[in-house]
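Undergrad: Use the sequences and the hints to build the structure in full.
Number of protein chains: 2
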Amino acid sequence: MTNPEEAIAAPAADAPAEAPKAPKAPKEKKEKPKKEAKAEGEGKKSGGGAAAGGESKGLGLRNSKKDNFGDWYSELVVASELISYYDVSGCYILRPWAYAMWEVVQGWFDQRIKKLGVQNSYFPLFITEDVLNTEKDHVEGFAPEVAWVTKYGNSTMEKPIAIRPTSETVMYPYFSQWIRSHRDLPLRLNQWTNVVRWEFKYPTPFIRSREFLWQEGHTAFATQEEAEREVLDILELYRGVYEDLLAVPVTKGKKSKKEQFAGAFYTTTVEAYIPETGRGIQGATSHCLGQNFSKMFNITYEDDDRQKQHVWQNSWGLTTRSLGVMIMTHADDKGLVLPPRVAPKQVVLIPIPKASTAPEAVQAMLDKVDELTKALEDKGVRVVTDTRSNYTPGWKYNHWELKGLPLRVELGPKDMDNAAVMTCRRDTGAKEVVPWADVATRIPELLETIQADMFAAAKSRTANCTETCHSWEEFMAALGNKHMALTPWADEEEIEEEVKKKSTTPDAMGAKTLCLPFEAPPLPEGTKCFYSGKPAKNWALWGRSY
Amino acid sequence: MTNPEEAIAAPAADAPAEAPKAPKAPKEKKEKPKKEAKAEGEGKKSGGGAAAGGESKGLGLRNSKKDNFGDWYSELVVASELISYYDVSGCYILRPWAYAMWEVVQGWFDQRIKKLGVQNSYFPLFITEDVLNTEKDHVEGFAPEVAWVTKYGNSTMEKPIAIRPTSETVMYPYFSQWIRSHRDLPLRLNQWTNVVRWEFKYPTPFIRSREFLWQEGHTAFATQEEAEREVLDILELYRGVYEDLLAVPVTKGKKSKKEQFAGAFYTTTVEAYIPETGRGIQGATSHCLGQNFSKMFNITYEDDDRQKQHVWQNSWGLTTRSLGVMIMTHADDKGLVLPPRVAPKQVVLIPIPKASTAPEAVQAMLDKVDELTKALEDKGVRVVTDTRSNYTPGWKYNHWELKGLPLRVELGPKDMDNAAVMTCRRDTGAKEVVPWADVATRIPELLETIQADMFAAAKSRTANCTETCHSWEEFMAALGNKHMALTPWADEEEIEEEVKKKSTTPDAMGAKTLCLPFEAPPLPEGTKCFYSGKPAKNWALWGRSY
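Which chain is which? The protein sequence lines are V and X, in order.
Using this note's numbering, the letters of the first sequence correspond one by one to residues 1 to 546.
Using this note's numbering, the letters of the second sequence correspond one by one to residues 1 to 546.
Calculated from the structure, these hints are not laboratory results.
What you are looking at is a predicted structure, and each value in this text was computed from that prediction instead of being measured.
Among the hints, erroneous ones may be present.
No distinction is drawn between identical chains; accordingly, a pair holds when it is met within one copy or between any pair of copies.
Cross-link-like lysine to aspartate or glutamate pairs, in silico, EDC-like; alpha carbons within 20 Å at most [to be verified]:
hint	residue 1	residue 2
1	K115	E103
2	K500	E75
3	K151	D130
4	K334	D244
5	K512	D491
6	K159	E145
7	K114	E103
8	K414	E371
9	K368	E410
10	K151	E129
11	K159	D87
12	K66	D332
13	K295	E226
14	K151	E140
TA: Here it is as structure tokens:
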């Protein structure tokens with residue numbers, strides 16, 4: 001549906017005078033930051049909560065996922081009412097359709113970390129300069145991106161105050177006060193907050209923004225073993241968010257030294273991959289901080305022998321980026337394709353009376369819609385009904401496809417005769433007749449099938465995009481194919497830097513290690529590093545990346 | 001319990017070597033901002049998540065609610081582990097015990113506004129100077145308190161960027177883009193965020209801080225009538241948060257012109273009152289913005305006659321202050337007293353073996369604790385068990401009293417013989433024997449009784465603190481009694497300013513109107529303003545205030 005002129009049904013004949021207007025370009029000054037905004041498709045809309053208006057333009061996307069991915073994505077997130085561009089560059093508005101999905105992610109993850117014994121809390125947005133500077137590697141990693149408050153009203157602050165880019169240095173001075181005995185351990189805190197990183201990489205809605213929402217967990221343990229167990233427990237939850245909730249396949253692994261979190265002992269990660277751009281993307285990271293921060297912040301406990309010991313710490317974070325990865329993975333040229341488990345609404349019920357349908361028959365149809373809605377809601381299905389009389393069925397189909405609803409349920413005169421509904425899957429377009437009597441059981445099943453099929457399809461796409469490479473030629477060929485490269489590697493930072501430089505082309509950024517995957521082929525003795533020819537220490541997954 | 005030396009039980013004989021240490025004073029530099037920190041009582045603690053340590057000091061409060069309220073409050077919020085003072089003045093850490101209550105408030109309110117049709121969203125933290133300046137009255141109200149970001153890394157920003165003190169000006173430029181037709185209305189958004197107001201009034205944990213958490217609702221309607229209906233719907237929910245959830249009585253009313261929100265058409269409020277300090281406190285406000293902002297931000301819709309109309313807008317907010325008001329209302333010299341509905345844990349179950357109890361009998365007791373816990377949890381009761389062997393029952397009683405748990409349930413050898421438990425209410429100290437067979441029904445009942453009794457007691461305390469005054473002498477006498485004054489009033493801003501000046505004493509701030517209460521006595525024609533002698537226009541509730 002790259003030609004919106006053809007794809008969009010005109011409003012029905014009974015459309016009121018103020019029928020949907022064509023979208024207008026956003027006001028340049030207010031809406032469109034100069035650098036990153038592209039082909040937004042944002043405009044005025046009509047109809048309670050409807051997307052861009054009807055007439056002969058406005059629904060459907062002008063860009064295609066295959067041909068111009070970046071423009072397609074920018075247009076999509078605005079047209080589907082997830083995002084509005086904001087007049088502070090690199091900041092975005094999360095509109096209700098996006099925020100509702102973030103609430104689903106929050107609910108899923110929050111419940112599970114609480115079961116693990118993690119408690120929520122809230123630490124301030126601000127950090128003093130002295131505290132921020134406590135851990136050297138850490139602050140060096142973040143310093144260039146830190147935003148500073150220097151004024152209030154018309155006055156100048158005595159000392160500038162940083163806005164948190166992450167909260168290690170906010171929290172750990174207090175960890176050192178709260179922890180004394182081994183019985184104060186483990187201390188496991190989490191917070192759901194905004195953070196600010198004044199980055200200058202190309203900002204992209206969800207994927208990279210200067211302010212973003214996340215959860216950050218910060219925990220302290222008596223032993224390395226306990227800390228390391230939690231690192232993997234959390235990583236498994238992050239896998240769950242991506243694979244089980246968002247239907248996005250990820251690779252679990254460890255980051256190379258060069259790519260790990262500033263100040264960490266080591267970083268584990270779930271890495272996703274966008275086939276269309278051939279770029280990997282870091283999904284979420286779970287860091288073992290070791291005793292690096294506890295030594296700097298003097299966080300100690302007395303062990304059974306009354307000896308002071310530094311605690312072992314972790315930190316771990318998942319951001320609104322996860323929604324961006326999900327969108328990029330599943331959406332198509334008609335709009336969003338939302339996995340049922342994260343979709344704010346899973347089913348749209350559309351009655352389709354004909355112009356010739358008698359009023360009583362229309363009423364019977366509407367009553368049946370209500371009845372089916374209730375039956376589905378009783379089963380926990382999130383349903384929306386579209387009974388608006390001033391839009392054609394075709395316009396509605398396009399609208400709800402743009403919004404990504406997993407399943408459309410139509411109820412027309414023929415369906416009324418047959419005591420059934422027609423269902424249509426967003427992911428495959430497959431249609432299925434479901435008798436009324438089966439709606440409350442079959443539709444939840446269909447939603448689970450859609451969820452599973454979406455994940456399987458994404459997994460198969462990604463699996464076809466990894467090439468095992470033993471030489472530089474194979475490596476560059478894989479990148480050229482927009483694939484990831486799995487290579488034996490000598491695990492040396494200099495190699496990673498050289499590879500990045502040498503793989504940079506006029507058209508594409510250099511490749512880096514995405515992770516050292518936990519699941520990898522055997523590495524027989526004598527296997528050589530694909531780049532240096534030295535003995536390989538491990539397998540590394542490489543790719544261009546976000 | 002003002003003398004902690006006497007009040008605290010020594011640790012049991014079997015306390016391990018690293019028995020609770022005496023609290024240490026917080027590190028001045030890190031923990032205690034010079035101006036506002038007082039008698040914090042914060043120190044090192046021992047025992048998994050326990051409060052300040054045992055020995056001969058540390059539990060119980062040094063200050064009393066009656067004698068030195070301010071010190072008592074500051075000590076209480078730290079000792080009960082709600083708050084830690086932070087090294088940026090006016091910012092506080094919300095520890096898990098506090099944050100869990102905020103989550104209860106969020107859950108209660110969020111569910112209800114969603115039922116009303118409000119949707120959650122997230123708008124950026126930052127505002128450009130131009131946008132902030134759009135509504136003149138509004139910006140004048142906030143300008144002195146706005147914090148400005150002027151730097152990132154080592155660079156200076158082209159233009160300073162404000163941190164939101166509230167989000168009217170963040171959101172409304174987008175309202176003007178999203179709203180076109182009357183079918184785009186109502187638009188009802190909410191967000192749960194942090195905001196920053198760099199105030200110089202005395203900061204107090206929860207009550208007044210430079211960063212705080214809140215929800216802010218922002219809505220737009222076609223008609224004044226719909227907008228005004230929502231103002232009151234939301235105000236009723238705010239009353240519910242205070243009265244039904246936090247057991248804090250409030251007075252609903254309208255703010256005077258002088259006290260209303262900067263830029264509002266009018267402001268409605270729920271006002272609470274702290275008898276010990278004789279000060280009123282604004283609980284939450286629901287503003288009708290009228291068309292003030294829609295005219296400035298050009299937010300219009302086309303009506304049925306294709307005429308452009310400015311929308312009617314509301315904004316409304318509830319903050320973490322609500323928890324502070326709840327604490328001040330109910331807590332006593334032993335610590336917090338939490339209303340069951342908001343308490344993170346409602347019941348503590350404590351087995352009390354004697355030194356002479358045989359091991360099998362101890363095990364039977366522990367098994368019974370598990371069984372009762374499960375029975376209560378199945379009824380939705382939030383239970384904690386305290387089976388630690390290195391603390392005495394007395395120490396545990398004091399600890400859980402400090403934390404404010406509504407109901408203590410003891411299980412000793414005698415109770416085992418009688419197949420019953422002994423319950424003890426935190427609010428009244430009343431004890432009641434409950435047979436095991438009745439635990440799962442009687443304890444939820446008791447919790448509801450505690451909730452109701454706490455509200456009734458607070459309501460009666462407040463009701464005794466309002467004096468109807470018809471003259472200046474009566475008015476000053478009421479203030480002298482630490483009471484609020486309900487007066488007939490000519491409703492003139494100059495009177496309010498004069499009253500504030502004239503009622504200021506060397507020891508006490510001046511009084512202002514808290515609200516014009518919705519429920520007030522009749523105002524017969526000819527009634528005169530208590531201050532000016534002019535014809536009274538309405539009843540006003542006055543008081544010193546937070």
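Undergrad: Does each hint hold? Answer for all of them.
TA: These are the hints, each one checked on the structure:
no. : hint           : verdict
1   : K115 with E103 : both (18 Å within a copy, 16 Å between copies)
2   : K500 with E75  : neither (31 Å within a copy, 56 Å between copies)
3   : K151 with D130 : both (18 Å within a copy, 17 Å between copies)
4   : K334 with D244 : neither (24 Å within a copy, 47 Å between copies)
5   : K512 with D491 : within (12 Å within a copy, 70 Å between copies)
6   : K159 with E145 : both (18 Å within a copy, 17 Å between copies)
7   : K114 with E103 : both (16 Å within a copy, 13 Å between copies)
8   : K414 with E371 : within (18 Å within a copy, 57 Å between copies)
9   : K368 with E410 : within (11 Å within a copy, 56 Å between copies)
10  : K151 with E129 : both (15 Å within a copy, 13 Å between copies)
11  : K159 with D87  : between (28 Å within a copy, 12 Å between copies)
12  : K66 with D332  : within (9 Å within a copy, 66 Å between copies)
13  : K295 with E226 : within (18 Å within a copy, 59 Å between copies)
14  : K151 with E140 : between (24 Å within a copy, 17 Å between copies)
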